[in-house]
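Enquirer: The residues making up each chain are set out below.
Protein chains: 4
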Amino acid sequence: MNKIKVGIIGATGYAGVELIRILLGHPNVELAAISSVSFEGKTISEVYPNLTEICEMVLGNEDEVIEKSDLIFASLPHGLCEALALKADQKGKKFIDLGADFRLAKEEDYEEWYGLHYNEKELHGKSCYCIPELHRDRVKEGISIIGNPGCYPTSIALGLAPLLKSGMVDLNSIIIDSKSGVTGAGRGLTQTSHYPECNEAFSPYKVAAHRHTPEIEQTASELSGQDVKVTFVPHLLPLNRGIISTIYVTLNTQVQDNAVYYLYQKFYEKEKFVRVLKPGQTANLKNVKYSNYCDISLHLDKRTNRVIIVSAIDNMVKGAAGQAIQNMNLLYHLPEDTGLNLVPPAF
Amino acid sequence: MNKIKVGIIGATGYAGVELIRILLGHPNVELAAISSVSFEGKTISEVYPNLTEICEMVLGNEDEVIEKSDLIFASLPHGLCEALALKADQKGKKFIDLGADFRLAKEEDYEEWYGLHYNEKELHGKSCYCIPELHRDRVKEGISIIGNPGCYPTSIALGLAPLLKSGMVDLNSIIIDSKSGVTGAGRGLTQTSHYPECNEAFSPYKVAAHRHTPEIEQTASELSGQDVKVTFVPHLLPLNRGIISTIYVTLNTQVQDNAVYYLYQKFYEKEKFVRVLKPGQTANLKNVKYSNYCDISLHLDKRTNRVIIVSAIDNMVKGAAGQAIQNMNLLYHLPEDTGLNLVPPAF
Amino acid sequence: MNKIKVGIIGATGYAGVELIRILLGHPNVELAAISSVSFEGKTISEVYPNLTEICEMVLGNEDEVIEKSDLIFASLPHGLCEALALKADQKGKKFIDLGADFRLAKEEDYEEWYGLHYNEKELHGKSCYCIPELHRDRVKEGISIIGNPGCYPTSIALGLAPLLKSGMVDLNSIIIDSKSGVTGAGRGLTQTSHYPECNEAFSPYKVAAHRHTPEIEQTASELSGQDVKVTFVPHLLPLNRGIISTIYVTLNTQVQDNAVYYLYQKFYEKEKFVRVLKPGQTANLKNVKYSNYCDISLHLDKRTNRVIIVSAIDNMVKGAAGQAIQNMNLLYHLPEDTGLNLVPPAF
Amino acid sequence: MNKIKVGIIGATGYAGVELIRILLGHPNVELAAISSVSFEGKTISEVYPNLTEICEMVLGNEDEVIEKSDLIFASLPHGLCEALALKADQKGKKFIDLGADFRLAKEEDYEEWYGLHYNEKELHGKSCYCIPELHRDRVKEGISIIGNPGCYPTSIALGLAPLLKSGMVDLNSIIIDSKSGVTGAGRGLTQTSHYPECNEAFSPYKVAAHRHTPEIEQTASELSGQDVKVTFVPHLLPLNRGIISTIYVTLNTQVQDNAVYYLYQKFYEKEKFVRVLKPGQTANLKNVKYSNYCDISLHLDKRTNRVIIVSAIDNMVKGAAGQAIQNMNLLYHLPEDTGLNLVPPAF
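Chains as they are written, first to last, in our numbering: chain A, 308 to 654; chain B, 308 to 654; chain C, 308 to 654; chain D, 308 to 654.
What the hints contain is simulated information worked out from the structure, not anything from laboratory work.
Be a bit skeptical, because a hint or two may be false.
Note that the list lumps identical chains together, so a pair holds whenever it fits in one copy or between two copies.
Simulated crosslink set (DMTMM-like; lysine to aspartate or glutamate; CA at most 20 Å straight-line) [what the hints assert, rightly or not]: (1) K536 <-> D477; (2) K609 <-> D477; (3) K310 <-> E578; (4) K573 <-> E414; (5) K609 <-> D534; (6) K579 <-> E360; (7) K513 <-> E353; (8) K609 <-> E524; (9) K585 <-> E360; (10) K310 <-> D534; (11) K577 <-> E363; (12) K413 <-> D564; (13) K577 <-> E419; (14) K609 <-> D416; (15) K579 <-> E353; (16) K310 <-> D644; (17) K433 <-> E347; (18) K609 <-> D564; (19) K573 <-> E360; (20) K472 <-> E360; (21) K375 <-> D396; (22) K513 <-> D534; (23) K447 <-> E429.
Construct all of the structure, not just a fragment, from the sequences and the given hints.
Expert: Following this line, the structure appears as structure tokens:
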């Protein structure tokens, strides 16, 4: 098969440069064009010297990327991708948005949480939101745009799915305490990501007010078949990569010791990228860094009949670039793990 | 007044050396003797070179410490302090145990969670468990032993107290997601505190099974007047000092926006060491490092009628040595903040 | 004695807030006024929540600070302090510049390295550059302005002084490899101090081209009595505080094993803030953090007849705010360590 | 071609598990057997959960590894590999020692620095020390054992080679100030690698007394054709991976601005794994992490006629496992970069 010509809009953002890192090892891909508003005209290796002599492509503009590519990854602030996806669509190109513009099925959610409208409603009919392990059936004839899931929602949806589908959870009980490394905040300079401010520091932020909340609730509601509200509190971890979501749910029934483990093991037994850890093990984000894995450990608190689900991903890979490539593989009917056999290092 | 002759058993542990740091600035204290099993005969500055030329005391044994001191701080693994407290008591000395041997009022809790018995039941009648802001009335005539609270329970009890006393909380709803720096694990070498294993890593541990659980529940039950069970999950943070507890409670009533803030503000208005942050602020452990403060921020999740309480302390100060000194001040009728006016640095 | 009314211009910079932290514990000081261009009208605790309920002063402007204070600390970018010092001088106030405007004795050095002129040459006659351990005699009648030394030069001058005075060093051989924590770069946001860029990263910067070079050479030349050129390479360490300078000098004579140690021990025997470590020990910046100490260890490389001097300070204390307060104590004939008895914590 | 059957002795050490990570992606290798004294009988994923479901091999003993493999990597403390290499040799297997037993050509160096003898002198005739970029010609007929270079010496030899061969260096002037991440100290628990002791800490260690010194001098002497002595001071960096060596040499001649850059560029122009950075750039270890690259930047200090060479590698890859695989490729006449196209991530 000919190689897929792939382009990246927003290539100098953290998700963009991670896409490059992974795509350079993808056997069916040719990196055709990359763009950056801030660094147009420079080579990517001038901005990211780790790529010196490995990728010396020049950063162009968005139109060039759309022109030269069969499939475009876009990693931009919300509100900017709808117009680009339309341009791509008009030229018959596929489009994967790593931002928020194609994630929420209900426009009112988008308006409430992002303060923006959908301008191209028809276009949304060609798009789907897709965590492959849960939604791969959505990527079928007629779908040319994918709303790539957010980092927190990915870790949470994969952590909750088997229990929510089982019907064993009190749907009013879901509390999610997530912790993310600083790359999650991106390349832009802010006081909170200034080294002396976040090193040896730790706190929550946007408590019960983070924009990923409606995306989390959308998937939880679909899985459970009911309207679900959750409490979601993200925290900023003093490390580069990775997310741990510690998820608390109350069961509406009594279960045997390892029943929840077996439920998850069966649910994910064919999924390469979800590793359900054995009873007694605990998920740690260090074990999935630089890889597309999601590690899940299950813990029953018998005293309160709660289950604690610990779900770990690399926010830059399964939470962004890796999952986007997994979605690209789906769009092109390639094995989902093509180019994604990234072994997480021990440290 | 004559200076109090103070001794430290277990002076080379992390809590021990933190006691030395703070006591060196206490105007009413003379450091009379220190001991260490591992380093007997060495000077403390040989073990902790930060103290070079500042404190050159020689480490002795436990008996010497008891002999030379009016008040003894002991920071040892659980099970070792009862016998030492007895010795001290027989000589009319006061005793503050930074470990777990005098924390739990019900012996069955101690047996269940620590697997040990109380050997000197009478002695426990002379002791009390004391977070000064909540229990200072307990330190009265006849009390010569104090069970100094654990680090997690301190952050949690101060975070929960006003709401639990208010009666507005669904007592079955309490979930506590705590995160602690690595000094909490002490000076002993373990794989989990080996630098390459915990740097750029993050995970929970002892999920819903940590020994601080009964201590947390003891205080919560006292405050609410009912038997309370909580779900408590500690996590290990890749930083040296500090604890954040993110506490989730469901209200059993509707409240105005800042009602919970005013409740806390009033509850703690005379407390120097508890800072209730203004609405809109969020507690961060960096702001209390190296100090005896507990910072608390309150966050109402209207969508689910939950309150999220964020409570931050320095695990080594308010969570150990600082609070122990605050308790010493209580025992000697000194102003509680004597020697504890430690300004937290900005970074 | 009445308390000295002290003001801080540039109070929201990192050196400024560190001055506040230390001055709050100084028995002879009243903090009279603070200013900030960026945050005028806010309280300092709004900018630095670590100071909540401890210091709630409102940030004013520079003129207010000069008006209300007997002594002004200024921590501003170079080029801004001469004019302020003049204003202060005209009102009979004392002035300590934590920046570079009063450090270099030769104006041509200032012009070459900073690209600026001295506008008030007369004013410089009332000023001196002062590392107290080396230059305290300079602070005499007629001196009302002090050029507070830079962080790197302080660690290096204290490390080199005894050997340079001894005449045993080949003056062409001096190589200084320094490493500083990120607070050294200040509060301003830059790509190089963005957390994901400097965490798990390390490199030199301004190789053999750092502006502290002429200040280092000025002191080295004074000490040796000859014109000295050095090679100076600073590096950025992924930690908050502290500087290590590893200094290489070739001896022009053969020495006994511990001769250099004895030389240093004698040179600094009356200096509280310089700790010459015993043979076999190695200076580590963690042992001086949050304190005004400079730790020095000496290492003889017999194979090459070089001495390696390792000098560690806290860049924010002995390298900035602490030394500035030490200089203030000199100006007011107070014991030099007044308010500076800061015990470095073990971790 | 058939896959090479490869075994690893000491597979649970840090270099061992890094070998596994890289070899899993090597197209010509079949991982045949792994061993560990401490964890025999366990699977590697029990010890390193990052490998869960990726590599579930059971750890055996050394004899099994030698038996089942064509080529054996051994990563063990010095003194243990000679006997194993002999066993392997007697069975006609190839052997790559990641330790020190086959690095030093002169037995007296080994005796002086390691306190051990060569027991199998004949065996050393079948071995060579090999940094491929400098010594690949040594791997010829009759060579079946390779002494894989140390991490510091690799960064230093590659940094010094062009200048030393050029004859432009005063050979008495070489000073090397190296800084390594904590993985360099290995998996064994020590006080210096206990998280709270090395986080927010920095210091040199084994000042001018590190065992890599004779290995550095051996290569420097070969390159320059004269007996060279260097001053070498390693430091411990608070990060996981990477080495920076800042190397100071005095030139014995005057040179044009970029002459040294051109010298290096030409010297390494055909070397994939050495990237000579453009003038104005500075090597940073973050840009080579997780990859086999060595980045070198050159800086001329005209004021002192010194060159400062900054050389950065990942201590676990180019400094251990990656270079060992590069040497394996040499032994099997494979392209040197086979299996080593590891793109360094941006963060």
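Enquirer: Among all the numbered hints in the text so far, which are the ones the structure does not match?
Expert: Result: hints 3, 4, 10, 12, 13, 17, 20, 22 break, sorted rising.
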